[in-house]
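**Q** Chains A and B are the protein sequences, given in the same order. So in this note's numbering, the last spot in the first sequence is 469, and the numbers never skip. So in this note's numbering, the last spot in the second sequence is 552, and the numbers never skip.
Simulated from the structure, these hints should not be mistaken for lab results. Honestly, I wouldn't trust all of these hints.
Simulated crosslink set (EDC-like; lysine to aspartate or glutamate; CA at most 16 Å straight-line) [unchecked claim]:
(1) A:Lys-45 x A:Asp-146
(2) A:Lys-378 x B:Asp-369
(3) A:Lys-413 x B:Asp-369
For each label pair, taking beta carbons as the anchor points, the in silico distance ranges come out as [to be verified]:
(4) A:Ser-13 x B:Glu-226: 51 to 61 Å
(5) B:Asn-486 x A:Thr-95: 54 to 64 Å
(6) A:Gly-91 x B:Pro-225: 49 to 59 Å
(7) A:Val-12 x B:Lys-455: 36 to 46 Å
Coverage of chain B stretches by chain A, computed from C-beta distances (three or more under 8 Å per stretch; other residues unrestricted) [what the hints assert, rightly or not]:
(8) 191-199
(9) 382-390
None of the values given here were measured: they were computed from a predicted structure. Ideal Cβ placement from N, Cα and C applies to all residues, glycine included.
Listed below are the residues making up each chain.
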Amino acid sequence: MSTSALVADAVSSFKANGRIVIVGASLAGLRAAEALRDEGFAGKLTLIGDEKREPYDRPPLSKQVLKGWVPADHTMLPRSREIDAEWHLGIAATGLDRKTKNVRLANGDLIPYDRLLIATGVRSRPWFNKEEAKLKGLFTIRTSDDAEALQKALAAKPKRVLIIGAGFIGSEMASVCRELKLEVTVAERADAPLIGALGGVIGKIAAEMQRDHGVDLRTGVSVEKLEGDAARHVRRAKLSDGTTLDVDVVVASLGSLRNVEWLEGAGLATGFWGVGCDAGCRAFDINGVVTDSIFVAGDIARAPHVLYEYQFMSAEHWDNAVIGARVAAHNMVSLEPDRRPHLLVPQFWSGQFGVNIKGTGVQSFGDEVVITQGSVKERRFAAAYGKRGRIVGAVTFNHGKWLEYYTALIEKSAPFPPPSPGYDVPTDTKPVPAEFPDVRAPTELPTVVLTGHDPTDRGAAFAPARRR
Amino acid sequence: MADMTPEAAWAAAMAYKNRPNPYPFFDELRKTPVVHVGGGLYVVTGYRELLALAHDPRISSDTRRLKARRDGVEGNVSEYGEHGTMINSDPPEHDRMRRQAMRHFGPPDSPYVIADMEPLIQKLCNDSLDKIKASGKRRFDVVDDYGYPVPVAVICKLLGVPMEDEPKFHVWVHDFMAGIMDVGPDMNTEEGKARHERGVTSAEAFANYTAGLIQGYLKKPTDCMFSKLVNEDGPDGPMSVREANINANLLLIAGHDSTVNTISNCVMCMLRTPGCLELLKSRPDLIPGAIEEALRMQASVQFFPSRSATHDIEIGGTVIPKGSPVHLMYGAANRDPLRFPNPNTFDPARQDNQHFGWGSGIHTCFGGPLARLEVNIAFETFLRRVENPRLVCDPPPYRQSNVFRGPEHLLIDVDGIRN
């Protein structure tokens, strides 16, 4: 048999009889499972998820669900096909043994795999004070259970809601509160909402939107202490601006943490930013060597991106999960040269204060921003982000139909600023500094050290994390 | 056709004699996906290029820009769009008008308007077939007997146009389409010039007619869309009377004419494809996809001759000079083999079918959601009730317009109509 015939034989035999385990049964996990079947994988397929519910869609949780339009358990993801999989729902994966190729479950079961997809995503960052975090009336939002509980709390007409953190989720929730005619305070440590994603120039516009809609937005302010009543229900918040607020509901929207803990000891390139992988979704081991049997998709994947100086990037976006899952699935049942890269221009959307916000590219990679179309005053405009004379990202406020144009420019690394439009030209078309805050000093990162002396046993190892 | 010039290919694609099948000439043009076809006119037949230009803010839809040109570019509508309706204007006016109209048509402000039309649409489809059944005819015209009566009644109800005026405006719309919405070489013939004259007269009468309706609703508001346009307040205020007049005219025409073509095209594409009728009868879940595929194969709006470049634009190896009219040829790009495998095959199960049958970008079909509902019900009802339909002649006779392209009649023989 020729080599190529042997390889083809191995691929078709794996497709017929192989065992694939997907850890993470949300958007990326489900879409990967469907894609594997589309690719002709007929072997054993196992999905493991720590939530009891079948895969559901998360974007509505901070919008339609909180408004009470849609019950929290009505956002099931539509299935594109039968996947004939073995499901382990409500049981978290707790370990990975790469030598014996087993995933360990919380109940002690071992699930063997030939190929593994890691799609465990992120969770919301909990309130930093463990005692205060136990208070009733304090919420985070990531899961449908979270949304259900928070929706009930909002429906009970609290006198004031405090939202800590004005990223997309925090801002969307503030918008929902105002739609529900609830008094709401937003405390944001940075100088403006959405500043980490979109920078200070656009953040200022987001701040105006909040204040126009009656949000008590406090920027440059952190929440230092939460106090409860005798029933351990949160009632007061002490802010760094010296004020104390009477609140009945507090939502901590402090961003997310990658669910990498279960991979401890597995010897993969895991950390604060997720699981490192190549652009073909193959995981890197701790030494930075690519693995053959472990793949990564969704929020937790962190891969070099050709458009952004090959920097490692993760994108907690819906389309990254869907498209990344498809690429991972394809590559799990293919060999070189049939493997495909996941070369997404990341896109996101948000809805807040009656404005549809959409983004394309990586805005925070840019250092300049220019309003390219429309009117900031009327909250309908497009803005482009540039770095060293190239366009790297764009955002639209109620101007989403133009997104395609900017995506095409980003794909081409077209010059920045882009040419001026033929109509609806903004009053000010001069690029200005985008005002992204300095990258926050990463905390609680484990340190990687090199060990070994002989070339054969030289490798990396994680040293225990040191708190700064 | 190996050595056809772009000018000749364009003229052939637009000529009435090739109306049933302009596609070989589009293939010829697509050898240069963005190409100058004479008289300063550029046409776009490549999928990628069309997608890019449909979203390029240096492409204007404001026909007043073209009127301002002194050299009188051929092949653009002139009488259509003295003032800017939403189809031939740019942001911010376009956006505002579209919002003012959408408030009364779709979500979030009017989420049930379209869905609430479903029982009426179903009834109209059944009534049309019942009528054919009662006549005992074994041959009928999909256009006149089925595809036309449904959308016209729906749009009249929705907009607030009295159905008894239909015979009147039917003639105006016909003359307008044949005389003004035909931008090919035929318009330079004696007959073409006569059609054009009639088109101008009819368009005027039609404009006066819809303006009259708007006047009426200003005096006596009702629950219809025309009335709401000028009477109801919103974030952008009610639409001005001048803008309401012209947009009302646009909504009435666009609100039914291309839907008729789409229904006919669905039936025609299906009957042209062996085994397709049986497939769709046994797999009704494929009907929505089949409709999209018919729109890809036979876009009911082949292009809209309103656009021009506001700057020099380099695309697809061509530089479109500032001020040039640009036609985005939806029907041609929909068959770009670089985008759609086997582009000339009607495949109701085709995946990844992001065609331009509804346009693309900010001018994407305003009434698309209503049209989708109408065509779905009409096609599904047709499949369920019409027994053994066969095309009587293929190709069927075509309408004059190369913009709103579709069969003038589509005769079919049937074994009967089921209950």
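**Q** Hints first: check each against the structure and report whether it holds.
**A** Results of checking the hints against the structure:
no., hint, verdict
1, A:Lys-45 x A:Asp-146, "30 Å, violated"
2, A:Lys-378 x B:Asp-369, "14 Å, holds"
3, A:Lys-413 x B:Asp-369, "37 Å, violated"
4, A:Ser-13 x B:Glu-226: 51 to 61 Å, "60 Å, holds"
5, B:Asn-486 x A:Thr-95: 54 to 64 Å, "44 Å, violated"
6, A:Gly-91 x B:Pro-225: 49 to 59 Å, "52 Å, holds"
7, A:Val-12 x B:Lys-455: 36 to 46 Å, "54 Å, violated"
8, 191-199, "holds (count 4)"
9, 382-390, "violated (count 0)"
The earlier numbered hints that this structure contradicts are 1, 3, 5, 7, 9.
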